[in-house]
Structure formats: structure tokens, C-alpha cells
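Chemist: Residues per chain, in single letters:
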Amino acid sequence: MTINEIQDELIDDFEFFTDWMEKYEHIIQLGKELPLIDEEYKKEDYLIKGCQSQVWLHAELVNDKVKFTADSDAIITKGLVSMMVKVLSGHTPEDIANADLYFINRIGLKEHLSPTRANGFLSMVKQMKLYAVTMKARA
Amino acid sequence: MTHYDIQSIRNDFPILKSTVNGKPLVYLDNGATTQKPQVVIDAIAHYYTAQNSNIHRGVHHLSQVATDAYELTRTKLKPFINAEHEHEIILTKGTTDGINIVAQCYGKAFIHKGDEVIISAMEHHSNIVPWQIVCEERGATLKVIPMDEDGNLDLSAYKKMLNEKVKIVSITYVSNSLGTVNPVKEMIDLAHERNIPVLLDAAQAVQHIPIDVQALDVDFLAFSGHKMYGPTGIGVLYGKEKWLNTMPPYQGGGDMIKTVTFEKTVYNQLPFKFEAGTPNIEAGICLANAIDYIQTIGLDNIARYENELLEYATRALLEIPGLKIYGTAKVKSSVISFLIEGTHPYDVGTILDKLGIAVRTGHHCTQPVMDFYGIPGTIRASIALYNSKEDIDTLVEGIKRAVSMLL
Chain L
1 MTINEIQDEL
11 IDDFEFFTDW
21 MEKYEHIIQL
31 GKELPLIDEE
41 YKKEDYLIKG
51 CQSQVWLHAE
61 LVNDKVKFTA
71 DSDAIITKGL
81 VSMMVKVLSG
91 HTPEDIANAD
101 LYFINRIGLK
111 EHLSPTRANG
121 FLSMVKQMKL
131 YAVTMKARA
Chain V
1 MTHYDIQSIR
11 NDFPILKSTV
21 NGKPLVYLDN
31 GATTQKPQVV
41 IDAIAHYYTA
51 QNSNIHRGVH
61 HLSQVATDAY
71 ELTRTKLKPF
81 INAEHEHEII
91 LTKGTTDGIN
101 IVAQCYGKAF
111 IHKGDEVIIS
121 AMEHHSNIVP
131 WQIVCEERGA
141 TLKVIPMDED
151 GNLDLSAYKK
161 MLNEKVKIVS
171 ITYVSNSLGT
181 VNPVKEMIDL
191 AHERNIPVLL
201 DAAQAVQHIP
211 IDVQALDVDF
221 LAFSGHKMYG
231 PTGIGVLYGK
241 EKWLNTMPPY
251 QGGGDMIKTV
261 TFEKTVYNQL
271 PFKFEAGTPN
281 IEAGICLANA
291 IDYIQTIGLD
301 NIARYENELL
311 EYATRALLEI
321 PGLKIYGTAK
331 VKSSVISFLI
341 EGTHPYDVGT
351 ILDKLGIAVR
361 TGHHCTQPVM
371 DFYGIPGTIR
381 ASIALYNSKE
391 DIDTLVEGIK
401 RAVSMLL
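Protein chains in written order, with the working numbering: chain L, 1 to 139; chain V, 1 to 407.
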């Protein structure tokens, strides 16, 4: 599936939820389900510092595709992180660098991308793009 | 809670009628900023409608009106904190600004290589960083009064730290993250035994506790207008004239001068020496309305009401399984910081927001305090004169709901 196809699928999933509680319960569930990162990467080097919730991000190039693994100490952030990894992981650096990440807005979670939230999520998205751009430049 | 008409008081604050995410706003983030009564809001509009003009300059009518109104605030501040002289009251941008003024200007005059500055383990970054900067500039050392698990300062350690090298002690009156009310009178007296002046960060005190700077004999006191139901962008630095007169000015510019030539400039007298440029005039004027509002209710009444509400809230929160309160000093004011085992404060705060409840999560600009406890931050509910028992009940229900979603 392309990046946009995955985004559209996520948007479809969320259309079932009528209120914020159902939405967040689903995000929390996503957060709980996925132990996303190898313990050896839960270190300072891979830490993206947000003011409140921390995010660890690891990226590697496997057969021309970028593989992301990530984790957070806050469940809601972790749920958001798991969605972002689902969307971006396994694609070429070029596709990731050029991706328009509209699903967050369409799901109604725009506030989590606001820098005033001071959470690691926004920083992580920037970092993912940065990895992609770097890997693309090296290719 | 008798004689305190909470409903009437709440009606004075229009923003309390708003809804957030479809729920009535429950505003418990007063440590960050307070809401404004209609009289203050109206005064701001009135300023721009009928009074607006630059102050301390000009001979025309409006400039006199604005100047009088601005100086009226200073006049009202004098009895509000019981200062001896009006000229000991400097109007600043806020608490942070006031502390920076003292750190820089007192620092230039009195802090030298090898000297020491004492702060405490529970300080807000605004009462840490200005001193770190000046200590580095002047070759002085910053010393920190330790605190215990309950959030009490270690007074015997403090006594031992007071020596002839210490040039100033700068401590918070009330901790914004723990709610501890420090025994400031005792700490000031101990410092004065060695002729060491003391600055009090009163940002979280002035709206909850009646302050008498002469009774305290404090040397400097800083607080913010926006935390005491006044506008943002205005604050107060009180300083004993003996210090302010011997300190060099902070910023240079208009208003703080008597005469200017390219050869030499003569500074203005107090308080204007420390008030360069055009201030936030409307905020300065309307701070008086906030003072009036507080005094209509009476700080003693406010303190009594808030303390009862704090006790009620503490009891209610402690009934939630897994909830731990950080900041359990015997004497506290307004603040309850807590965590619920197995949850991250960011998650709880996000869900509470969806329920219309405004609390603060994170380190509250006191990273050293969070490091002390080894936690990423806390959830902080902070009370003001318009909070009700219902607010607390809603908070408790909200926390329970958040926990059931997260665990």
C-alpha cells in the first residue's frame, strides 16, 4: 500500500468513532498493543525530547526502504506514534520526505501536532522526515 | 465556608461560563495564570476608550489622566503590601523581570568573585537562571538549600550555609509545583543576623496570603499582575530604598533619566530609575482594579476559603487508588501536584482536557524538583478565589475516568 492508501485506511477506521472518548480509547489501545522499539534503542541517542512525553525513534535503511521503530512513555503519544510508524515505515526515503501527512488533521488530532503541546510527537514527525531526507541524499 | 458567596464571585468572571469540548470549563490552572473579573476587563476597554495616552510625558489632558491612573496603582500597591514608601515600588513586566533586575543590578553592585548566592531546591526556573547567569558573570557560586521528601526546606542546612561570603538569599514564598509555604520570616531573620539581604519570589503568594513587607522586613519582593486577577505584562518589584538607591539601573532609555547629554547622563530618582521606556500602561492601570477586587472580598477571607477548599480537594484526591501527592508540607497553599500510579501525566492531562478540566502537566518550570523525585512531571491543580467544591468533584470524577481508560 502507498503512504496515502494507509492514511486513507486510518481515516476510515476513525470515522466509526462518534465522540472523543471512543477515538482516544482506540488510540490508547493502539498504544498499548505495540512494544515498538528494541530495548537497546531506548537510549539518549534515540531520544527525541518533548517537554512532557518522551519519544524514542530508530530508523534504518533495509533494501531501499526505511524501517522505523519507535516508542513513548505516554500511552496517547505512543498510540499516535504507532499510527505514524504504520504510515511511514517500509517506504522509500523519497516517498517519506515528500509525504503530506493529512491523516492527523482528518482524524481530528491536529492539537497533538501543535508545538504548544510540547510533546515528543511533533518532534518525532520532523525527525522521521529528516532521516528520510538524509537517507535520500546519501543514495 | 460561610460568608463567602462563591456563586456571586463566580458570576464576576465571565470566562467561567465558557465550555470546552462541549463541557463547562473547570479552570484549575491558576498557578499558570488567573482569570479576570468583569471590572478588570471593563477597565481595560475603558483605558483605550477614554484614557489612552503616554504617561510621565506631555502636558495635555489625556497624558495627565493616564499618568494619574498609572500612579494610582502604585499608590494602591503601597498599602497592599505595606511598603514604607511608594518609590520603593517598581512596576515591571512580571516576576521574572523583577528577579532579573535584582540579579543583574544588585549583582553589579554587590556580588564579586568568590561570593555566594543562596537559592532553594524548589525554585522556579525564573529564580534559578538569573542567578546562574550573574554568578557566572561575577565569578560567584550558587548554593542550594536542600529539601526533604515532603517538600520542606532543610532549615538547619540553611543556617549552616549562611556565612560571610553569601551576598543574597533568593527564595520562593510559595512553591508553584509543591504548594509549600516556606517559613520566610524565620529565614529572613536568620539571613539578617549576618546582614544578608533576602529576595522573596511571591508570584504564588500575593494572591493567597496577606503580605506585609515591613513586618517581614524583606529586602526585595517580586510578583506578577496576571496571577492576581490582573492583566498580563505587568508585575511589581518591591525593594527597600537603601538597596534600590545603591543599585545601578537595569535598562537605559527614556523615563529613567533626569538629563541626557552625549557626555553624561544623570539617572532619574526612584522608582523611575528602574522603569525605562513606555510600560504596559493599560496593564499598570488596570492592576489597580484587580487590587480593588481582591480587597472587596478581603485576602483573609480568600485565604480562609482557599485553604478549606485545598483541604477538601486533598482529602478527595487521596481517596483515588494509586494517587500520590507530591508536596506534603505541613503548611501549603493552593497547589496539589499528583501522579496516578501506572499512568503518565500527559495522558491524564489530555483526557481531563477533553472533559473541560484545565490542569497543568509537566515540570511546571521546576525541573530540579521533578529530578529530585525522579518523575517526568506531575499533574497540578491550583486553586483560586473562584474555584468551587463542584470544580473539585468534577476533577475527581475526571481523574477516575482517565484512569479507567488508561489502566
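None of these hints come from the bench; they were simulated from the model.
Idealized CB from N, CA, C, for every residue including glycine.
There may be inaccurate statements among the hints.
[Stated by the list, open to error] Only some residues are given here: those of chain L computed to face chain V with a beta carbon under 10 Å:
id : residue
1  : Glu15
2  : Phe17
3  : Met21
4  : Tyr24
5  : Ile28
6  : Leu30
7  : Ser72
8  : Asp73
9  : Ala74
10 : Ile75
[Stated by the list, open to error] Dumping the calculated DSS-like pairs for lysine-lysine here, alpha-carbon to alpha-carbon at most 30 Å:
id : chain 1 : residue 1 : chain 2 : residue 2
11 : L       : Lys42     : L       : Lys129
12 : V       : Lys324    : L       : Lys32
13 : L       : Lys86     : V       : Lys354
14 : V       : Lys159    : V       : Lys240
15 : V       : Lys400    : V       : Lys17
16 : V       : Lys143    : V       : Lys165
17 : V       : Lys17     : L       : Lys23
18 : L       : Lys67     : L       : Lys110
19 : V       : Lys17     : L       : Lys110
20 : V       : Lys160    : L       : Lys23
21 : V       : Lys17     : L       : Lys32
22 : L       : Lys23     : V       : Lys76
23 : L       : Lys126    : V       : Lys354
24 : V       : Lys240    : L       : Lys23
25 : V       : Lys76     : V       : Lys354
26 : V       : Lys76     : V       : Lys324
27 : L       : Lys110    : V       : Lys143
28 : L       : Lys65     : L       : Lys110
29 : V       : Lys76     : V       : Lys93
30 : V       : Lys400    : L       : Lys32
31 : V       : Lys23     : L       : Lys110
32 : V       : Lys240    : L       : Lys110
33 : V       : Lys354    : L       : Lys23
34 : L       : Lys67     : L       : Lys86
35 : V       : Lys324    : V       : Lys240
36 : L       : Lys110    : L       : Lys136
37 : V       : Lys23     : L       : Lys42
38 : L       : Lys43     : V       : Lys165
39 : L       : Lys32     : V       : Lys76
40 : L       : Lys42     : L       : Lys110
Chemist: State for each hint whether it applies.
Modeler: We went through each hint and held it up to the structure:
1. Glu15: violated (19 Å)
2. Phe17: violated (13 Å)
3. Met21: holds (7 Å)
4. Tyr24: holds (7 Å)
5. Ile28: holds (6 Å)
6. Leu30: Result: violated, 13 Å to nearest chain V Cβ.
7. Ser72: Holds, about 9 Å.
8. Asp73: holds (6 Å)
9. Ala74: holds (4 Å)
10. Ile75: Holds: closest Cβ of chain V sits about 5 Å from Ile75/L, inside 10 Å.
11. Lys42/L with Lys129/L: holds (20 Å)
12. Lys324/V with Lys32/L: holds (23 Å)
13. Lys86/L with Lys354/V: Cα-Cα ~26 Å, so holds.
14. Lys159/V with Lys240/V: Roughly 24 Å between the alpha carbons, so the hint for Lys159/V and Lys240/V holds.
15. Lys400/V with Lys17/V: Distance of about 24 Å is within 30 Å: holds.
16. Lys143/V with Lys165/V: It holds: about 11 Å lies between the C-alpha atoms, which stays within 30 Å.
17. Lys17/V with Lys23/L: Holds, at about 27 Å.
18. Lys67/L with Lys110/L: With Cα atoms ~25 Å apart, Lys67/L and Lys110/L stay inside 30 Å; holds.
19. Lys17/V with Lys110/L: With a Cα-Cα distance of about 25 Å, the restraint between Lys17/V and Lys110/L holds, given a limit of 30 Å.
20. Lys160/V with Lys23/L: violated (56 Å)
21. Lys17/V with Lys32/L: At roughly 37 Å apart (the allowed maximum being 30 Å), Lys32/L and Lys17/V break the hint.
22. Lys23/L with Lys76/V: violated (52 Å)
23. Lys126/L with Lys354/V: Holds, because 26 Å separates the two Cα atoms, which is no more than 30 Å.
24. Lys240/V with Lys23/L: violated (57 Å)
25. Lys76/V with Lys354/V: It is violated: about 41 Å lies between the C-alpha atoms, which goes past 30 Å.
26. Lys76/V with Lys324/V: violated (41 Å)
27. Lys110/L with Lys143/V: violated (44 Å)
28. Lys65/L with Lys110/L: holds (28 Å)
29. Lys76/V with Lys93/V: holds (18 Å)
30. Lys400/V with Lys32/L: holds (19 Å)
31. Lys23/V with Lys110/L: holds (20 Å)
32. Lys240/V with Lys110/L: violated (50 Å)
33. Lys354/V with Lys23/L: The given pair, whose Cα atoms are some 11 Å apart, holds under the 30 Å limit.
34. Lys67/L with Lys86/L: Roughly 10 Å separates the two Cα atoms, so the pair holds.
35. Lys324/V with Lys240/V: violated (41 Å)
36. Lys110/L with Lys136/L: holds (28 Å)
37. Lys23/V with Lys42/L: violated (38 Å)
38. Lys43/L with Lys165/V: violated (42 Å)
39. Lys32/L with Lys76/V: violated (56 Å)
40. Lys42/L with Lys110/L: Distance of about 27 Å is within 30 Å: holds.
In this structure, the earlier hints numbered 1, 2, 6, 20, 21, 22, 24, 25, 26, 27, 32, 35, 37, 38, 39 are contradicted, and the remaining ones agree with it.
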